[in-house]
Amino acid sequence: MARMTMIEAVRSAMDVSMARDDNVVVFGEDVGYFGGVFRCTQGLQAKFGRTRCFDTPISESGIVGTAIGMAAYGLKPCVEIQFADYMYPAYDQLTQEAARIRYRSNGDFTCPIVVRMPTGGGIFGGQTHSQSPEALFTHVCGLKVIVPSNPYDAKGLLIAAIEDPDPVMFLEPKRLYNGPFDGHHERPVTPWSKHDLGEVPDGHYTIPIGKAEVRREGSAVTVIAYGTMVHVALAAAEDTGIDAEVIDLRSLLPLDLDTIVRSVAKTGRCVVVHEATLTSGFGAEVVSLVQEHCFYHLEAPVVRVAGWDTPYPHAQEWDYFPGPGRVGRALAEVMEA
Amino acid sequence: MVDSAHLSLHVPEPAVRPGGQPDFSNVKIAKAGSVPRPEVDVASEDIRDLAYSIIRVLNRDGEAVGPWAGSLNDEELLTGLRNMMKLRAFDARMLMAQRQGKTSFYMQHLGEEAVSCAFRKALAKGDMNFPTYRQAGLLIADDYPMVEMMNQIYSNESDPLHGRQLPIMYSSKEHGFFTISGNLATQYVQAVGWAMASAIKNDSRIAAAWIGDGSTAESDFHSALVFASTYKAPVILNIVNNQWAISTFQGIARGGSGTFAARGLGFGIPALRVDGNDYLAVHAVARWAAERARRNLGPTLIEHVTYRVGAHSTSDDPSAYRPKTESEAWPLGDPVLRLKKHLIVKGVWSEERHVQAEAEIMDEVIEAQRQAEAHGTLHAGGRPSVRDIFEGVYAEMPAHIRRQRQKAGY
Chain S
1 MARMTMIEAV RSAMDVSMAR DDNVVVFGED VGYFGGVFRC TQGLQAKFGR TRCFDTPISE
61 SGIVGTAIGM AAYGLKPCVE IQFADYMYPA YDQLTQEAAR IRYRSNGDFT CPIVVRMPTG
121 GGIFGGQTHS QSPEALFTHV CGLKVIVPSN PYDAKGLLIA AIEDPDPVMF LEPKRLYNGP
181 FDGHHERPVT PWSKHDLGEV PDGHYTIPIG KAEVRREGSA VTVIAYGTMV HVALAAAEDT
241 GIDAEVIDLR SLLPLDLDTI VRSVAKTGRC VVVHEATLTS GFGAEVVSLV QEHCFYHLEA
301 PVVRVAGWDT PYPHAQEWDY FPGPGRVGRA LAEVMEA
Chain X
1 MVDSAHLSLH VPEPAVRPGG QPDFSNVKIA KAGSVPRPEV DVASEDIRDL AYSIIRVLNR
61 DGEAVGPWAG SLNDEELLTG LRNMMKLRAF DARMLMAQRQ GKTSFYMQHL GEEAVSCAFR
121 KALAKGDMNF PTYRQAGLLI ADDYPMVEMM NQIYSNESDP LHGRQLPIMY SSKEHGFFTI
181 SGNLATQYVQ AVGWAMASAI KNDSRIAAAW IGDGSTAESD FHSALVFAST YKAPVILNIV
241 NNQWAISTFQ GIARGGSGTF AARGLGFGIP ALRVDGNDYL AVHAVARWAA ERARRNLGPT
301 LIEHVTYRVG AHSTSDDPSA YRPKTESEAW PLGDPVLRLK KHLIVKGVWS EERHVQAEAE
361 IMDEVIEAQR QAEAHGTLHA GGRPSVRDIF EGVYAEMPAH IRRQRQKAGY
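Residue numbers (the UniProt record's numbering), protein chains in the order written: chain S, 1 to 337; chain X, 1 to 410.
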């Protein structure tokens with residue numbers, strides 16, 4: 001057991017998986033010799049050799065397309081898209097190919113690939129280094145979509161993703177790479193070494209895909225969040241003193257509907273929080289499910305807190321990023337209704 | 001001073017449109033036997049000419065000539081002829097079945113039979129093709145059962161793909177035929193990935209990528225070339241230049257490039273053009289490329305120069321965009337007739353045996369059709385279960401899909 005950052009946990013997951021299974025290969029832009037722009041793959045090439053971990057041309061469609069071919073052969077590729085914002089050239093390969101191959105071939109061919117990508121804002125990345133494209137994947141049947149919120153989950157979920165027989169999109173909130181974040185940008189990030197969930201087993205373990213986790217028990221209102229927003233929601237609950245139950249979805253597709261329904265049925269109120277833009281965001285799906293399954297338990301309309309419906313600005317990042325203040329106001333709103 | 005205020009856009013047009021005289025004067029055809037056959041370990045820069053010429057074996061007199069001749073014996077050639085005839089008969093029956101409303105859609109291979117049928121014979125068991133919709137000859141030449149192909153076309157109760165795919169989008173891992181996508185060029189880079197995997201595992205199997213001339217404009221074509229070149233993947237990169245991308249002539253996708261094959265040169269990939277209507281030439285070139293790949297010498301790009309005699313699909317009307325007589329004017333002839341003539345010249349075939357073989361093959365296709373139709377057609381008889389809609393999206397059915405299946409009553 002060691003204290004790890006999320007970067008180290010992600011690296012450890014690949015390390016453990018590559019050691020256990022010769023068919024696991026890791027590649028992407030700058031991931032080989034250099035170890036990735038965030039160093040998630042640092043040391044893997046030195047340890048496993050250049051044919052197990054290597055650099056690729058700058059061609060996202062090429063990275064995902066070749067991964068699909070390798071998976072059809074029998075390998076288990078775990079590839080990196082340098083930033084989630086760069087995945088669009090690979091979107092065709094992900095949505096029409098990786099997601100469909102099992103179905104359209106009736107299992108004759110399968111596609112056990114993992115596509116990792118740093119996601120979200122909070123690092124002054126501007127419009128093209130801050131996006132949260134998860135809803136573009138959750139709309140696609142055949143994919144699985146994971147967004148971890150801490151090192152312990154990141155490692156267990158990534159190993160589960162690599163071992164999963166289907167294609168998994170693994171979105172890593174880069175704001176959480178080095179430590180949890182309470183949404184107050186003027187405060188420094190707390191290192192994971194001071195956090196319980198920074199304690200990560202060195203060896204192999206998995207966290208089941210499709211299971212949410214209740215991060216904070218409460219009875220007045222349910223806050224549903226994932227990734228960085230889990231920490232923002234926890235900070236908002238603390239700041240407001242509202243007895244909020246905070247659910248960390250961890251897996252968006254498949255989604256743990258049971259945990260959501262159980263909680264909202266108990267609290268009767270619900271706030272959904274995500275970083276991605278509001279309109280047609282993943283929150284819309286969650287609210288719709290809450291309406292379908294919890295309508296008679298609801299005592300107030302469900303409220304969404306999300307990024308604005310604009311591109312992600314650079315200088316005004318902290319006015320864009322949903323913080324504990326906005327989440328707190330939403331909590332107060334549903335409590336008053 | 002240069003007057004730069006009056007630019008105009010160049011939009012390429014084919015030489016002839018409907019009503020005009022077909023014109024293939026732009027197709028420069030090398031004499032059969034005139035193009036050299038380099039050693040397989042040749043450097044790509046030493047064979048740049050092969051990206052601009054056309055490798056041909058069969059001459060006008062039906063003789064096999066030159067350094068690319070001799071890769072097949074008589075028995076193999078007779079099998080090749082039979083496979084091409086089988087594909088043509090299969091096409092004819094399935095085209096008719098579509099017209100009769102037994103299925104929604106069909107795409108035929110008329111004029112292009114040699115490309116896939118001959119190529120398959122240069123591969124070994126275990127190699128993998130990543131085909132487009134016009135390489136069913138890969139399956140026919142590998143003895144994949146025609147009944148199964150028809151079951152797929154009819155989306156009937158015995159369709160191996162359970163009614164989920166458009167007709168002709170077959171899949172057979174066992175026969176080295178990757179599941180077909182309707183999205184163009186995606187399979188090209190996947191083939192490179194498969195080949196890279198084989199190299200990573202120090203295997204001996206190779207991959208073949210397939211694309212049409214029009215789809216070379218897709219970015220995945222270029223991604224495939226850069227990955228194949230970078231990692232020296234054991235893959236054969238095929239471009240089937242049949243002159244037409246639905247109604248768009250090949251000059252649109254080709255742009256200012258001399259040939260499609262020449263695109264490989266910028267990547268340092270050996271690139272060859274072959275007469276796609278010459279069964280012997282296609283086989284010889286494919287075997288050369290396969291040997292290169294298997295000897296870890298890397299990828300080869302092959303442009304198969306051919307002509308799509310039929311419509312793009314059953315939804316297309318070629319008379320709206322090209323002269324009706326254009327296919328007859330195609331200078332490289334009919335692949336079936338050319339091989340037939342060669343075998344007659346060699347004394348191992350005759351007009352009588354050909355007529356007899358045509359009848360036998362048609363009987364075989366009709367019998368397969370009878371068996372397939374006993375399992376149903378698209379709108380009549382047995383069909384896949386509605387339950388199949390929900391199966392196989394994931395290895396294990398997640399709760400939300402199970403709820404939807406139950407809601408649908410299954």
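Any given hint could be a false lead.
These stretches of chain X come out as covered by chain S in the derived footprint (C-beta under 8 Å, 3 or more residues) [stated by the list, open to error]:
(1) 104 to 114
(2) 162 to 175
Some chain X residues close to chain S (C-beta under 8 Å, calculated; not the full set) [to be verified]:
(3) Phe227
(4) Thr230
(5) Gly347
(6) Trp349
The hints are simulated quantities; they were obtained by calculation from the structure and are not laboratory data.
Glycine is no exception: its CB is placed at the ideal position from the N, C-alpha and C atoms.
Is the interface hint for threonine 230 of chain X satisfied, with its Cβ closer than 8 Å to some Cβ of chain S? Holds, because the Cβ-Cβ distance from threonine 230 of chain X to chain S comes to roughly 6 Å (cut-off 8 Å).
Under 8 Å, Cβ to Cβ, is where phenylalanine 227 of chain X needs to be relative to chain S, so tell me if that hint holds or is violated. holds (5 Å)
Chain S contact restraint for tryptophan 349 of chain X - C-beta distance below 8 Å: violated (37 Å)
Does glycine 347 of chain X meet its interface restraint, that is, does its C-beta lie within less than 8 Å of any C-beta in chain S? violated (43 Å)
Would you say the segment 162 to 175 of chain X counts as covered by chain S, given the rule of at least 3 residues with C-beta under 8 Å? holds (count 7)
Cβ contact check, 8 Å cutoff: the segment 104 to 114 of chain X against chain S, three residues minimum: Since three or more residues must qualify, the claim that chain S covers the segment 104 to 114 of chain X is violated, with 0 doing so at under 8 Å.
When held up to the earlier numbered hints, the structure conflicts with 1, 5, 6 and fits the remainder.
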